[in-house]
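There are 2 protein chains.
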Amino acid sequence: MYGYQGQVLRVNLTKGVCTVEALDEAMAKKFVGGRGLGTKMFANEVSPTVDALSEENKLFIVTGPLTGTPTPTGGRYMVITKSPLTGTIASSNSGGYWGPELKFAGYDIIVLEGKSNKPVYIMIEDDKVEIRDAAHIWGKVVSETTEILKKEIPEKSRVMTIGPAGEKLSKMAAIMNDKDRAAGRSGVGAVMGSKNLKAITVRGTKKVEVADAEALKQVVKDCNAKIRENGVTGQGLPTYGTAVLVNIINENGVFPVNNFQSSHFDRAEELSGETLTEQYLVRKDPCYRCPIACGRYCKVDDIEGGGPEYETIWAFGGDCGVSDMGAVIKANYWCNELGIDTITAGSTIAAAMELYEKGYIKDSELDGVSLKFGDNDAVVEWTKRMGLREGFGNKMADGSYRLAESYGVPEFSMTVKKQELPAYDPRGIQGQGLQYATSNRGGCHVRGYMISPEILGLPEKLDRFTLEGKAGWVKIFQDLTAFIDASGLCLFTSFAMGAGDYASMINNVIGTDWSAEDVLLAGERIWNIERLFNLAAGIDASQDTLPKRLLEDPIEAGPSEGNVTRLSELLPEYYELRGWGADGIPTQARKDILGL
Amino acid sequence: MYGYQGQVLRVNLTKGVCTVEALDEAMAKKFVGGRGLGTKMFANEVSPTVDALSEENKLFIVTGPLTGTPTPTGGRYMVITKSPLTGTIASSNSGGYWGPELKFAGYDIIVLEGKSNKPVYIMIEDDKVEIRDAAHIWGKVVSETTEILKKEIPEKSRVMTIGPAGEKLSKMAAIMNDKDRAAGRSGVGAVMGSKNLKAITVRGTKKVEVADAEALKQVVKDCNAKIRENGVTGQGLPTYGTAVLVNIINENGVFPVNNFQSSHFDRAEELSGETLTEQYLVRKDPCYRCPIACGRYCKVDDIEGGGPEYETIWAFGGDCGVSDMGAVIKANYWCNELGIDTITAGSTIAAAMELYEKGYIKDSELDGVSLKFGDNDAVVEWTKRMGLREGFGNKMADGSYRLAESYGVPEFSMTVKKQELPAYDPRGIQGQGLQYATSNRGGCHVRGYMISPEILGLPEKLDRFTLEGKAGWVKIFQDLTAFIDASGLCLFTSFAMGAGDYASMINNVIGTDWSAEDVLLAGERIWNIERLFNLAAGIDASQDTLPKRLLEDPIEAGPSEGNVTRLSELLPEYYELRGWGADGIPTQARKDILGL
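Protein chains in written order, with numbering that gives the first Met the number 0: chain W, 0 to 595; chain R, 0 to 595.
If you are wondering where the hints come from, they were derived from the structure by calculation, not from laboratory data. One should not assume that every hint holds.
[Unchecked claim] Across the chosen pairs, the derived CB separations fall in these ranges:
no. : chain 1 : residue 1 : chain 2 : residue 2 : range
1   : W       : 221       : R       : 467       : 36 to 46 Å
2   : W       : 537       : R       : 155       : 41 to 51 Å
3   : R       : 21        : W       : 221       : 57 to 67 Å
4   : W       : 204       : R       : 117       : 29 to 39 Å
Yeah, the Cβ is synthetic: ideal placement off N, Cα and C, and Gly gets one too.
Kindly generate the complete structure, drawing on both the sequences and the hints.
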């Protein structure tokens, strides 16, 4: 078998039993791997109506066939489970070095099921797999957990772990690997915590065999050249990291400020990639085999660590009215240490700030800590309290939707399907609005990054205020992204590469002869199995929507002034293009085409 | 005090006493720091005729005023001592993260003197300094030493250590930091070993104050932009690492093959930066605050680690007739683990191969291991044996000069002042030949990188075969390089930046108002104190020469065919430009100008 290692490691935590199963090669190729294969296998095994934090939910850790190969950025893995935050299928993606190491140990997938009766971690060293006691690391932050484990596991092992937030079942808990890489969104860390599983360490010494190594070499060379020559992947991201977006997005008037109350930040320069690079950057911190190297490692005062990413800078910065990069770096640091998602964490503080300033949250609840927009220290302090469920932080720890709902005003939560929206105001980017509303895991920018054509002009520049053609673009972006997430590559490659490039890579790795169209079809298949899971979980077309503010209140000032998201005009066309009924349900005819 | 921390940590290993002294600010500013200040202080304290491996020699670890500041690449430190390999002043430079950490701990300089009566290491955590027993790490390789120490020193400490080669006083022993960064040349690791000092760990939490933070911010921004926009620092080095040079140097017919017997390698493509990137690169591995990020981290089979650099690829590759990148990566790995200099190690194997093929070394000496040009496995095996002083490796462990001399044919050693020449045949690059011959630490490419103007065309393209103006260029390159090495920056910045840029940075950091001319004058001052030390050590103008082969035997084929190094035509002009007598001794007049 090429590309795949052919083995699934199943760990039943209730029984304390580890077994190795053969990978179903036909199913693997049909659903590619990662997000596709993981979702298919998960849906085969777990009821869509399962309680996400119950023993019956499972957690799939899934690599792609390109993970651990010489393809550019070939180092990612996905976490598939039912999300405790959204109730949808969750598939959170992470980079770093843990994913390839799992392949090198000989496994494509780990299936975690049941629940241990005490805290444990799993130690993998090639064929050797042990479930070990984790009493000594339970409660520890991510860096300390990693350091302690490194002393008792094989040299060169990679560590994936949850922080205290995952243990405490926070619905914004992430799964962290290599200290500061995160499978961040949808609360997947809480599922791991609910199983009393603290960490998985892995060390592998095997190779990933590919179908045609010589041909692959040339394809990789060509793809690397495209990445180098592209303005975003060859210049913007390498130079400034994802923070390069701060000025670009703000200049377009779609940089949400104060919980989306406005969309242009007059102090954005202080949060820019330029500021980060000149004043706080210690080093670039690239993932496995990445020619882009957008990862950053920054320092302020005695705090240092990976990040911050653009979305993080926005969430703790503009969205909380804060322009102090030092405060952002500190909040980001605590997210990584406590294991929480930065977008949901920052946005939840922003929502709490609006609830406070509008009189819903009272001073008496706050133990003396400020909850005013623009308070640098408050942002850092609430991040810690959320991650630790301390005081009012306990109420924030399950995200902005549940917080706002508890005050009877869920409309203050800027979420889709209860998951916080990222750093782009869709009122000034119509395609992005449709993509937000239809994302299969709720509020998300990496399920179809319409910022690429509508703002950055890649692969071509679209008018961001118009509707024409946008539904079709969203479908293509969603499908291609699903394929990339299934393959094991990083989405950022798509700034420079197209479906044909992914086909060339996958063909030479797994021995297929797919066309660009086949790649998009495989992506569409994945998109539809996610949709079908969500529908069966009770999440129907009525939830393909956006917060009221974005649909009804025009942006008040700046370069996107006067716009709302015209979602209702786009949705019917989108459903039709997807071959779904007006009810948003895939038709049998389309399912037949997709082989579902 | 700005830029400097104002403290010198003196450790007397004989007495086991650590003291902190105030930095002499006037002397610091006159000699800048790093290579300059270190050499001045060393020369004040140690006799030039000291036996390098005796208790009376000292080892100075010296940062620059820009080390630990926001300046691009501001993370380097220098090791100053008398070299056991060359008998000259040694000043070996290293990057990574150890240097800035020393500044953060509050010290500009560590002076190591005397000799411990048992193996020890030094633990530094801000004001706390301890000399600790090192029995448990003596004999261990670099990565294992680092891992063991990390369990017993403060979290986030940086580790500098010698490998087994330094303990065994190999004259090619390096001092390693951050596992795979090396103060590599001139055998400085043996001096550390001779003091029974295995390692120095450091953790610091202080800041480096600068004279004008706001102005510095703009200067750093401008310098970063220059680095980004330059073809070498913005494209070539980031994309391919220093290995980008393999094809360029080979196409010019100055890539030495088989111990400089020829200078064009028909299999160079297999050793190219392109091959390294597409087939072996795991990730880029940048130093502190480096926008270039030329560092590589590569893997072959079960061997992985930092590097290889261009010089290393050449030394174990072309110079040994080897074109297997896997073998180069393995040899490089063992150099890092055992703590030896890759240039001297590879060149010594190359010299041994020629000695073997010409009948001087006999099979009976080799314990069955091949010593033929082009043998991949032999290159890896001899590297290990050299580093461990095993079998015939013991005879190779002090470098090619002593090896060849022991057979009565020192002319087979491609060295200047007993230090191995790097990866450029000076017969096809006349300025580089003069620079090699006059380098103050023997065979070296980073004392004045004439490859920049003569091959790469930076800052302008010179005809590499002509002599006109070359002596002047060499002087400028040597002086500017001395300043850069004193400042704490990486030499690679000079592809994109000039003396004026360095003046701007240093002025805003330490509060001076130096011009570009002042920068070059400071560099010349440093060059001359090194020269004066060497003269007092008995190394006079007669040693400003090159191996006979390069002076007398024309290159036989390829793009540089027919050339020899015309050193005798260049030297008198060089001495005159330097204000030295025909005997190569600085005149009193020039010393007065330089304030010496």
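These are the hints, each one checked on the structure:
no., hint, result
1, 221(W) <-> 467(R): 36 to 46 Å, "holds (44 Å)"
2, 537(W) <-> 155(R): 41 to 51 Å, "holds (48 Å)"
3, 21(R) <-> 221(W): 57 to 67 Å, "holds (59 Å)"
4, 204(W) <-> 117(R): 29 to 39 Å, "holds (37 Å)"
When the structure is compared with the earlier hints, no violation turns up for any of them.
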